[in-house]
Amino acid sequence: MITLDNATKRYGPITVVDGVSATIPRGGVTSIIGPNGAGKSTLLSMMSRLLPLDAGTVHVDGLDVSTTSGQTLARTLSILRQENQLTVRLSVRDLVGFGRFPHNGGRPTVVDREHIERALEYLDMTELADRFVDELSGGQRQRAFIAMVLAQDTDFILLDEPLNNLDMKHSVDMMRLLRRLVDDLGKTVVLVIHDINFASCYSDTIIAMRDGALIHQGTAEEIMTPEVLRDVYDVDIQVELIRGNRIGVYFA
Amino acid sequence: MRARTGALPAAVVQTARRPVRTLPPRVWLVVLGVTAAALVAAFLLVGLEGNLAYVLPRRLNRVGAMVLVAVAVGVSTVLFQTVTGNRILTPSIMGLDALYILIQTSLAFALGASTLLTLGPPIRFAVEVTLMVAFSSMLYRWLFTGGGRSLHLLLLVGIVFGVFFRGASSLLQRLMDPSEYIILQDLFFASFNRVDPTLLLISAVAVGGLCVPAWRLRHRLDVLALGRDTAVGLGVDYRRTVTLVLVICSVLVAVSTALVGPATFFGLLVSALAYQLCSQFRHAVVLPIAVLLGVIALVGGQLVLEQVFAFDTALSIVIEFTGGLVFLALLLKGRVR
Amino acid sequence: MFRSKQPAQQHGSVRPPALWLAAGAVLLLALISLFVGVSDVSPADLLAGDAEVWQTFLVSRIPRTLAVILAGVALSIAGFILQLMARNRFVEPSTVGTVESATAGILVATLLLPAVPIVGKMVVAALFAMAGTALFLVVLRRIPLRNTLIVPLVGIMLGGVISAVTTFFAYRFDLLQTLNTWMIGDFSGVIRGRYELLWIVAALAVVGYICADRFTVAGMGEEFTTNLGLNYRRTMNLGLVLVSLISAVVVVVVGSIPFLGLIVPNLVSLLIGDNVRRAVPWIAVFGAGFVLLCDILGRVIRLPYEVPVGVIVSVVGSALFITLLVRRTAGAR
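So the protein sequences, as listed, match chains A, B and C. For the first sequence, position 123 (counting from the first letter as 1) is numbered 123 according to full-length UniProt numbering, and the numbering increases by one without interruption. For the second sequence, position 96 (counting from the first letter as 1) is numbered 96 according to full-length UniProt numbering, and the numbering increases by one without interruption. For the third sequence, position 136 (counting from the first letter as 1) is numbered 136 according to full-length UniProt numbering, and the numbering increases by one without interruption.
Wrong hints could be hidden among the right ones.
[What the hints assert, rightly or not] Simulated coverage check for chain C against chain B, where a stretch passes if three residues somewhere in it have a Cβ under 8 Å from a Cβ of chain B: (1) 106–116; (2) 149–162; (3) 165–179; (4) 298–305; (5) 308–314; (6) 318–329.
Since the hints were made in silico from the structure, they are not lab data. Model, not experiment: these values are computed from the prediction. We put the CB at the ideal spot given by N, CA and C, even for glycine.
With the hints as extra help, turn the sequences into a complete structure.
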C-alpha cells in the first residue's frame, strides 16, 4: 500500500503538486492520468524519493520515503523514468545485473545470477543479453530497463510514461507485460500514462490529476465517463463500450 | 564558414559500431602492470653510475613522485567523470589545479613568505588542502546545481575559471614584495626533479589514505555512472556519494599539483585511453588501468625524453600537446555528452 | 532626456550625446594616463617648461597613452569582426588560436631570422596568425554539432595545442623568457619609436568599421551572401586578413591582451543592442576606455612597480567572460 498524505512540491512561487492525499492499494495496476503540467510525473518522483517533498509524507509499505535509507527503499520499490540515456557502454546483462545492487552491493552471488537470468527470460531478452544497450531499438531498450527493474525484485514498481516513444504494438506488449507482473507475480504497479484508453483497458485504479491536485480516483468504470473526463481534460470525450472496455473517443 | 551556429542542443550522436571485443580486462591489467613495473625499474637503473648513495635516492624520489601523481590524477579524473556523467570534464580542465595554485599564492600573500616557511610542509599542506576542499565544493555547488546547464557551458566556464585563477595568482605574485617572491619561488616552482622528501611522504600518506575509500566506492560508482535517477532508484545515497567523491578529488588534485604543478590534460589523456583500451565500465577495472597508464605515460615519457632526446623537463609540454589534441578529437567526434 | 516621451526616437537622436559623453570620459582617462607613472610628470612641471619632464612626457607618456588607445580600439573591433563572421558571441582572437599562432610566428622569426627588423617579424607573425585562424575556420566546418559554446571551446583548445608547440620550441632554444613578453601584454616598454606600428592597426580598424555590414552578411552563410550580390570568399578573406593583422601587430608591439575583443563587444551589445553600425563606435570607445583603465590600474596598484596590463586584463576579462557566459546562455541549453 502506498499512502500519500498532503504531498506537496513547490518550485519557487509555483506549486506543482498541491497537497495530494491518496491511498494506492497493494496489488493491481494504478494509472495516473491528467493533462500536461498536472504534476503527474512530479508526484511519481516524490513517491519514489527522486524528488524531496516540500510538505506532507509518502509511505510505501509503511516506510516513510523521506527518512528510510536508500537501500531499504530500493528493495521495496523500483522506479523507471522515461529518459534512460546511458553515458556508459554496457551489455544488457550488465544493465539487468545492476537491479541486484540493492541486494548485493555490487558483489553478485549465485542467487543474483538466477534473478538476472529469470528477468531476462521473462522479458524475452535472453538472446539479446550480450548486446550493448546503445545498439538496441527503443522498444528493446525499454524492455532491458524493465528487466533491470524486475531483477530488483521489489513489490512496488513505479513507471513514468513507459509508453513514451513506443509504437502501437510495443505499447500493447508493454501494458500486457505490466498486467502480467501484477497477475502472475503479485506486484504493485503505478504508472504515469497519457493515453486514457490504455489506462482504461489495463488499470485496476485510475488517479486523475489537474493543476497539481488529485481530483478523481476510482476504477476505470468510475473514471471513464464523459463528466469526469471533461472535468480532467476540459474536452468533451464520448465514452463507448467496446468489447467490455470503456474507450474514450476524442479524435473528432 | 557556413551559418550553422544556431543554438543546437548538445544531442547525442550515436555511433552504431559493432562491439569491438578487445583483450579481457584481466590480461590488460597484467600487461600494463608488467610494463609499468619494467619502466620504473628502467628509470631507476638505466645509466646508473657514480655515487649510488646519492643518485639512487634521488631517482627513487623522482619515480615516487611520478607514481603518486599518476595515482592521484588517474583516480581523481575517473571519479570526477563518473560523478559528472561524461568522459571529457576533468578536475584540472575545470580549473581545480589552477585554484590550488591560487590558494597557495593567496596564503603566501596574506601571511608573508617567512611565516609560511616557518609553518613547515605538513601544516602548510593541511591548511592548503582544507581551503582547497572548501573552495572547490563551493565552486562545484555553484556549477552543478544551476540546473540544466549544458556540458559545453560547464567546460567553457571551467576553462575560463582556470584562466581567471592563473591570472589572479600571477597578479598576486606581482603584488608581493619582490624579495618575498624570490623566497617563495622555490615553493611555487614544482617539478619532478626537485620534490621535497617531506612533501613526498605527506603526499604518499594522503594518496594512500584516499585510495581506500575510493576503492570501496567502486561498486557504488558503477551504479552512479547510470545517471542520478537510476542510481537513486537502486538505493545509492546520491548526495553523500557525490560529496565524498568531490572531496576525494579535491585533495588528490591538491596533492598532485603540490608535487609537480598543474597538468591540465594529463587526466583526460589517461582516462580517455583507459576507456578506449578496455571497453569496460566497472571501476574495479578502469581505476587500476587508468593509474597504470598514468605511470607508463609519466615514467616512460620521462625516460624516452631523457635517454633518447636528452631533454629533461619538457614532458609536461608534450603531455599538454597530446592531451589538447585528444580533447579536440573528443569534441569534434561529438562524443561529448 | 526625453526618453520616456519619445520611445520611437530613442535609437536615433538620444544616443549620439551619450556616445560623446563616453568619448569624453575616455579622453579624461587618457589625460590621467598621461600623468600617472613612476617618475613625476605633473601639468605644473610641464607649464614650467622643465626640459626633463617634457622629455619623459614626449618620449614615454604620450606614446604609451596612444598605444593603449590604439590597441584597445583595434583589438575590440577585431573581436567584433570575428564575432560577426562566425556568428558567435564567444569568439575573439585569443579564443580561436589567432593570438597563439601570431606568437608562434614571432618565435619562428626570432629563431630563423634573428637579424630581421621588427616589421619583418610582424609580417611573419601576421602570416602565422592568418594560417592559424584559417585552420580554425576549417576545423569549425567539420564540427558535427555546432552550438554556440563548442565554437570557442574548439578555438581555445586549438590555441592551447599551438601554444604547447611554441612553448616546446621556446623551451628547447631557451627563449621561454622572451616568449613571456609576447604572451603577457605590457605597455611599460612602449616609448617613442617603438609603438608606431600600431598606427597600422588604427587604419585597419577604420577599414573594419567601413566593412562591418559586409561581415554581418557573410556571417549568414555563402548562399545568403551570394544572393545579396556580395563576393563571399573575398569578404571572408578580408575579415581574416584584418583580424590576423591587428592581432599580430598588437602581439608584436605590446603582447597579448586576452578576452578584450570578447568582452567589449558583448558589453556594448548588452547596453545598446545589436545594430552593427551603431555598435562599432561604441566598441571603439569602450575598448579604449577599458584598456586605459586597466593600464592605469596596473601602474598605480603596486607603486613603484608595474603590473603588466595583460595580467590585469586576464583577471578582469575572465571574470567578465564567466559572467557573460552564465548570463547570456541562461535558459538556452
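Hints versus structure:
1. Closer than 8 Å: that is the beta-carbon criterion, and the segment 106–116 of chain C has 0 residues meeting it against chain B, so the requirement of 3 is violated.
2. Remark: the segment 149–162 of chain C is confirmed as covered by chain B, as 11 of its residues place a Cβ nearer than 8 Å to a Cβ of that chain, reaching the required three.
3. Residues of the segment 165–179 of chain C lying with their CB closer than 8 Å to a CB of chain B number 5, which satisfies the three-residue condition for coverage.
4. For the segment 298–305 of chain C, the stated coverage by chain B holds: 3 residues have a C-beta nearer than 8 Å to a C-beta of that chain, and at least 3 were required.
5. Under a criterion of three residues with beta carbons nearer than 8 Å to beta carbons of chain B, the stated coverage of the segment 308–314 of chain C is upheld, 4 such residues being counted.
6. For the segment 318–329 of chain C, the stated coverage by chain B is satisfied: 7 residues place a CB nearer than 8 Å to a CB of that chain, which reaches the threshold of 3.
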